[in-house]
Amino acid sequence: MPPPQSELLYPPAEWIRSALADIGGATIVVDAAARVLFLNPLAELLTGWLQSEAIGRTLAEVFRIVAEADRVPIVGPLEAVLATGMPTIMSDHTILISRNLKEMRIDHGGAPVRDESGTIVGAVAIFCDVSERQRIARGVEKARVLAEGPVIAAEARELSEIRYRRLFETAQDAILLVDPTTRTIFDANPFIADLLGYTREQLVGRELWEIGLFEDIESNKAAFRYLQSVGYIRYDDLPLQTRDGRGIDVEFVSNVYDVGATRVIQCNIRDVTDRKRAEDALRTAYAGLEIRVWERTAELATINAVLESEIARREVAESDRRDLQQQLTTVQEAERRRISRELHDQMGQHLTALSLGLKFVRDATPEPSPQWDRLQNLQALTDRIGREVHHLALELRPTALDDLGLYAALANYVEGWSERSGIVIDFHGDGANPDRLPAPVETALYRVIQEALTNVLRHAEARYVSVVLQRSPGQVSAVIEDDGRGFDADSVAEYRLGILGMRERAVLVGGTLSVESGPGRGTTVIARIPLRDDEGGTRRG
Amino acid sequence: MDKLRVFLADDHAVVREGLKALINAQSSMFVVGEAGDGLSACEQVTVLRPDVVVMDVSMPVLTGSQATARLKLECPAVRVLALTVHEDKGYIRQLLAAGAAGYVLKRAASEELIHAIRAVAAGGVYLDPSMAAMVVGGFVRKPASAAAPGGELSERETEVVQQTAAGYSNKEIAASLELSIKTVETYRGRAMEKLGLQSRAGLVRYAVQKGWLQDG
Numbered sequence: 049m050p051p052p053q054s055e056l057l058y059p060p061a062e063w064i065r066s067a068l069a070d071i072g073g074a075t076i077v078v079d080a081a082a083r084v085l086f087l088n089p090l091a092e093l094l095t096g097w098l099q100s101e102a103i104g105r106t107l108a109e110v111f112r113i114v115a116e117a118d119r120v121p122i123v124g125p126l127e128a129v130l131a132t133g134m135p136t137i138m139s140d141h142t143i144l145i146s147r148n149l150k151e152m153r154i155d156h157g158g159a160p161v162r163d164e165s166g167t168i169v170g171a172v173a174i175f176c177d178v179s180e181r182q183r184i185a186r187g188v189e190k191a192r193v194l195a196e197g198p199v200i201a202a203e204a205r206e207l208s209e210i211r212y213r214r215l216f217e218t219a220q221d222a223i224l225l226v227d228p229t230t231r232t233i234f235d236a237n238p239f240i241a242d243l244l245g246y247t248r249e250q251l252v253g254r255e256l257w258e259i260g261l262f263e264d265i266e267s268n269k270a271a272f273r274y275l276q277s278v279g280y281i282r283y284d285d286l287p288l289q290t291r292d293g294r295g296i297d298v299e300f301v302s303n304v305y306d307v308g309a310t311r312v313i314q315c316n317i318r319d320v321t322d323r324k325r326a327e328d329a330l331r332t333a334y335a336g337l338e339i340r341v342w343e344r345t346a347e348l349a350t351i352n353a354v355l356e357s358e359i360a361r362r363e364v365a366e367s368d369r370r371d372l373q374q375q376l377t378t379v380q381e382a383e384r385r386r387i388s389r390e391l392h393d394q395m396g397q398h399l400t401a402l403s404l405g406l407k408f409v410r411d412a413t414p415e416p417s418p419q420w421d422r423l424q425n426l427q428a429l430t431d432r433i434g435r436e437v438h439h440l441a442l443e444l445r446p447t448a449l450d451d452l453g454l455y456a457a458l459a460n461y462v463e464g465w466s467e468r469s470g471i472v473i474d475f476h477g478d479g480a481n482p483d484r485l486p487a488p489v490e491t492a493l494y495r496v497i498q499e500a501l502t503n504v505l506r507h508a509e510a511r512y513v514s515v516v517l518q519r520s521p522g523q524v525s526a527v528i529e530d531d532g533r534g535f536d537a538d539s540v541a542e543y544r545l546g547i548l549g550m551r552e553r554a555v556l557v558g559g560t561l562s563v564e565s566g567p568g569r570g571t572t573v574i575a576r577i578p579l580r581d582d583e584g585g586t587r588r589g
Numbered sequence: 002m003d004k005l006r007v008f009l010a011d012d013h014a015v016v017r018e019g020l021k022a023l024i025n026a027q028s029s030m031f032v033v034g035e036a037g038d039g040l041s042a043c044e045q046v047t048v049l050r051p052d053v054v055v056m057d058v059s060m061p062v063l064t065g066s067q068a069t070a071r072l073k074l075e076c077p078a079v080r081v082l083a084l085t086v087h088e089d090k091g092y093i094r095q096l097l098a099a100g101a102a103g104y105v106l107k108r109a110a111s112e113e114l115i116h117a118i119r120a121v122a123a124g125g126v127y128l129d130p131s132m133a134a135m136v137v138g139g140f141v142r143k144p145a146s147a148a149a150p151g152g153e154l155s156e157r158e159t160e161v162v163q164q165t166a167a168g169y170s171n172k173e174i175a176a177s178l179e180l181s182i183k184t185v186e187t188y189r190g191r192a193m194e195k196l197g198l199q200s201r202a203g204l205v206r207y208a209v210q211k212g213w214l215q216d217g
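Just so you know, the protein sequences line up as chains A and B, in that order. Residue 49 is where the first sequence starts when you use this note's numbering, and the numbers rise one by one after that. Residue 2 is where the second sequence starts when you use this note's numbering, and the numbers rise one by one after that.
Please note: incorrect hints may appear among the correct ones.
[As the list claims (entries may be wrong)] Below, simulated DMTMM-like cross-link-like pairs (lysine to aspartate or glutamate); rule was C-alpha separation at most 25 Å, straight line:
1) B:LYS73 <-> A:ASP451
2) B:LYS211 <-> A:ASP483
3) B:LYS4 <-> A:ASP411
4) B:LYS183 <-> A:GLU509
5) B:LYS172 <-> A:GLU509
6) B:LYS183 <-> A:GLU564
7) B:LYS211 <-> A:ASP478
8) B:LYS172 <-> A:GLU499
9) B:LYS172 <-> A:GLU564
10) B:LYS172 <-> A:ASP536
11) B:LYS21 <-> A:ASP421
12) B:LYS172 <-> A:GLU552
13) B:LYS21 <-> A:GLU415
Just so you know, these hints were derived from the structure itself, not from any lab.
Isolated chain B, as found in the complex (with noise of 0.2 Å):
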């Protein structure tokens, strides 16, 4: 079996010597070529064409993304692996989005970058465990259902429901309403029972469903 062939993109001399040297030390893989920036890192695995690009994510003049949705139009067949400091879910879907495979968190990377390597090179996708779930979860909303489950609301109870959802206290809500703010609290509370909802941000997300809210 051919060893896998792995380019290094990274503007860090010494991640890079220490990522040679652990892909190196294994037998099925070994570094083809290196790059410190982006565009450096394109012309070079055009050329190389490597199984694995190991991208890293901030890079001077091409960033790891950029560079990313770069191959991905000149040699789609390269198979890109992100390697970053990030640990924000959204710069992972950036990553995704611009056609990595997988990534890897740094901090991770010595335990993990062989394993990721393997899988990404087999067609696969590589998650950072911990962040998987996260980034899973993002895609995937759960939608609420606009029906109300423990029935319609009543008048009121659909004001206030508005207001709060509006951006407003129950302060200023009892005082454009004319009510106590314990009676807005009353309102408040049955109907977030009826609608099977615990919280403010689910009363918001009801009322963009409803239409009530001109909502991105």
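Okay, chain A solo, but in the shape it has when bound (with noise of 0.2 Å):
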């Protein structure tokens, strides 16, 4: 497509620049005020203007134009482009006048630049000089005039009117011959009919107007005045009406050409309907297309925000859990120390002091006789009770895990269970460092280390167990591993409650808990507790 007709899509700046500076013609381009933005070099050499100082000028200051005929100026000649967004043609022998007074004779046409979402935010303006180039074109035709003379053979001449006439008959594009300078129909081909749905007869002394092909006498002018200064003008998209009232499309191609003395313009028209309704067909669909992806992203973006704030809500929610889990583990070993010291303090002593009595009693008691006996019987039952509360102490919170450290209670808890179970425990921590750790890791790995051997001995068929308490910089690990038979973590439901609740422990203190185990393997659970810099440092009892 030429130039002046084209849609330019707005492109960056720099773009702008490079590609509007290698244009053929001059070139101003205006933002939506209709004010400079930019000339090229050629335009600069034409107006007289540099770009420098024309631009924020208003376009009629820079491009001043007026009409050749009355000199009346022009104004605001792409005010149209602004406002319609069609693409114009001038040329009805336009003056420019340059800076310095100079005056020109011009073609000129305008074309809006839109932006990527179809707005007009400008025009574009190609003029070019063409008083050389007119004086140089009439002197060519002068001249073949002049060469030809009338000597052309007739018989080649009538050859070519037949075949001439011949591809006029036959042509599926409708032609119409024009008289320019009544600017009436005087001829046209059979397929007029066709698309039109006048006969040759009907059209013959009509102007081209009152076929609808230009909507009034004004334009019909304007767009002769343009044809015989430039000799051709094209539209690709022309709306028309058949002479039934149907609504086409056409493509519209006018020549002017001169038959010896004769000028005459012919016009070439083609239906482009479909061709158009195709191509409407294609921009709706892909206008559709975009909306529906705009309607899909903005609906995705709508679901990724609900997701967004849904996660942020379970984040709090899980947050506040594990304060609460964390409150209530506290206050769960709270209660479990104060139980196990009460069972120690005054259960304990009460037993002790109700065994005495009884060993007093007995002593004093003869024997043998029954009532020495029945004593002797009480007493060992005072003893077993004793024992049973000692070891339901330790089981609810040994005091030696708050009295001397981890270590210390891991230490006697791990040789009761293995006398207990029968199996060999194999115990290792670095027992001679006497800092202690935080009070609620020492917990939490103490009773990781009881549930795992409470798995232990539940499930594994172990014969040796290691427990490995390790103390490196910034963390704390326990290493529970035994040589049983293992399982498949996945597929064993009644191992998952025992390692939730190892990893519940081990998460609230900021630890990570894993379990590996395999059948035939033996099991390892490890529980890592990352200490701070100050932690692990403290010493106490």
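Using the hints, put the two chains back together into the complex; each one sits in its own frame.
Here's what the structure looks like:
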């Protein structure tokens, strides 16, 4: 398409500069308020304005044009373009008056500049000096006429005439021949009837606007003026009404040429309704698609936002749950500590007193006698209750955990566990390190180990169990490993609760817990608790 | 022969009563005084100079082990027999370290106390039979041999042992050494056989001895 009719998408500024600087014509770009944004070098030359001086001025100031015939100034040549968004071609003998008052005849046209959304953000005026070209064209034509003269072989002319006629008759484009002076149609090919519904006879003698080709006499005249000065006019897409009132879209191409001394205008009209309809459909489909993409994107964004807020809500809930669980654990441990102490300090003492009393009475009873035996049994029973109370207190919460620390409490616990279960425990911990861990960490690790050993006893059928307590910079870890039958962690539901409990304990003090096992491969439970720099350095007890 | 002079320190009056009755029922010993807290016990003992102090471990003001440590300085001739409800060897070690000549679990007191008082008064040490093995065992630690009886470890076996001792699981070691879990298990099994070890804890001790780990 020739530049004056193309609609430019609004490009980035850099792109404008490099692309427009290279355009053959003189080019001026204005913004939506018709203020100058850009002049290419040719435009600078023709207008006499440097771009740097012209920027921001009104187009009328920089691009002063008048009609050749009456020297009436042509005001706002791009305003129509900005208003309608339709490209224009003006070449009705326009004179450009440069800054230094030099005059020249120009052709000029305008096209809107759109941004990506299709909004008109400016316009571009393209013009060229045609004084020179017209002079040359006329000279060439004169020379041709002089050279060919009337001596061209009549035969050849006749042959050419026949060929042309056949082409004219059979063409699948409508062709009209127009007399440029009267602007009336003097010939039309048969296809015009198919296209417009007018017969050749109905057309001959009429003006183009009468058959709906141009809206009115004025635009008809304007088109003619342009055609005569440029010799060529083309509309890619012109709406047209057929005789029976049907609206069609046509491509309209018009040429001016001389047949001998006579000047003829030939108009070729092609029905592009189907093409246009397809294009429109495509455009609509594309726009529809874009809308759907946009809608879908918006929908996804909404869903995403909902999900994000849901995640945030759950994080808050989870954090609340943790806090609550932490409090619950603290309260529970405190309660266990209290009961455990009570069992030792109250019940334990009373049982001791009871036992001593029984012993006293027994010693005062003659032996052998049923009373003596009875007292002996009662004493044994008291002793058993004492052991049970002690064991209960130990299971609840060993006082050693508070008084002596994790290592001592564990050493004692694993020994008792090993004795009761008959499973060998190999316990290793840094017992020589007198630094106490933070109390919640000690409790957590003690409980994890206790739970892991309970699981070993219930399920593992192990012979050896390792309990390793290790401190390294920034971390303390406990590893409980047995050589038992192991399990498939995913499929054995009964382990899950125990593992969950252990994990909860570790997580509450900021740690992690992992369990590795497999049928026949034993089980390894690893709890790792991070320590702050200032932790693990407190000497207590 | 003079009767043994026994002092009772326990914050539970009912227990003190029981102990007193039991001791005074013996022909060979009697209670010279009693106290309900560690400090008062110390003050009275320095005056009364008994042969044996039966000292409860959990007492207010001064605990049993604190009072024991103080008596050891002020009147070293007095023998202290600790009395405790705690069966944890940690407590017991603490008491022995403070200078107690022996201890009796409260729940066993009715049967063993008299015997224990006599034993410590005679200059001996009395440990509760059910706890003795545990306490002594804790003091004597079996040294694991740093030499590998079954031959030197291969480079891979050494790596696996080092990482196991450092607290990593087989899966983690497999990932770090780019081996399968099965292979790691095999290396570890072979290493344990060579070293004559049966557990992870053994591997940790071996690594500590080798200086591979910074461990207390």
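Against the earlier hints, flag every one the structure doesn't satisfy and list their numbers going up. Failing hints: none at all.
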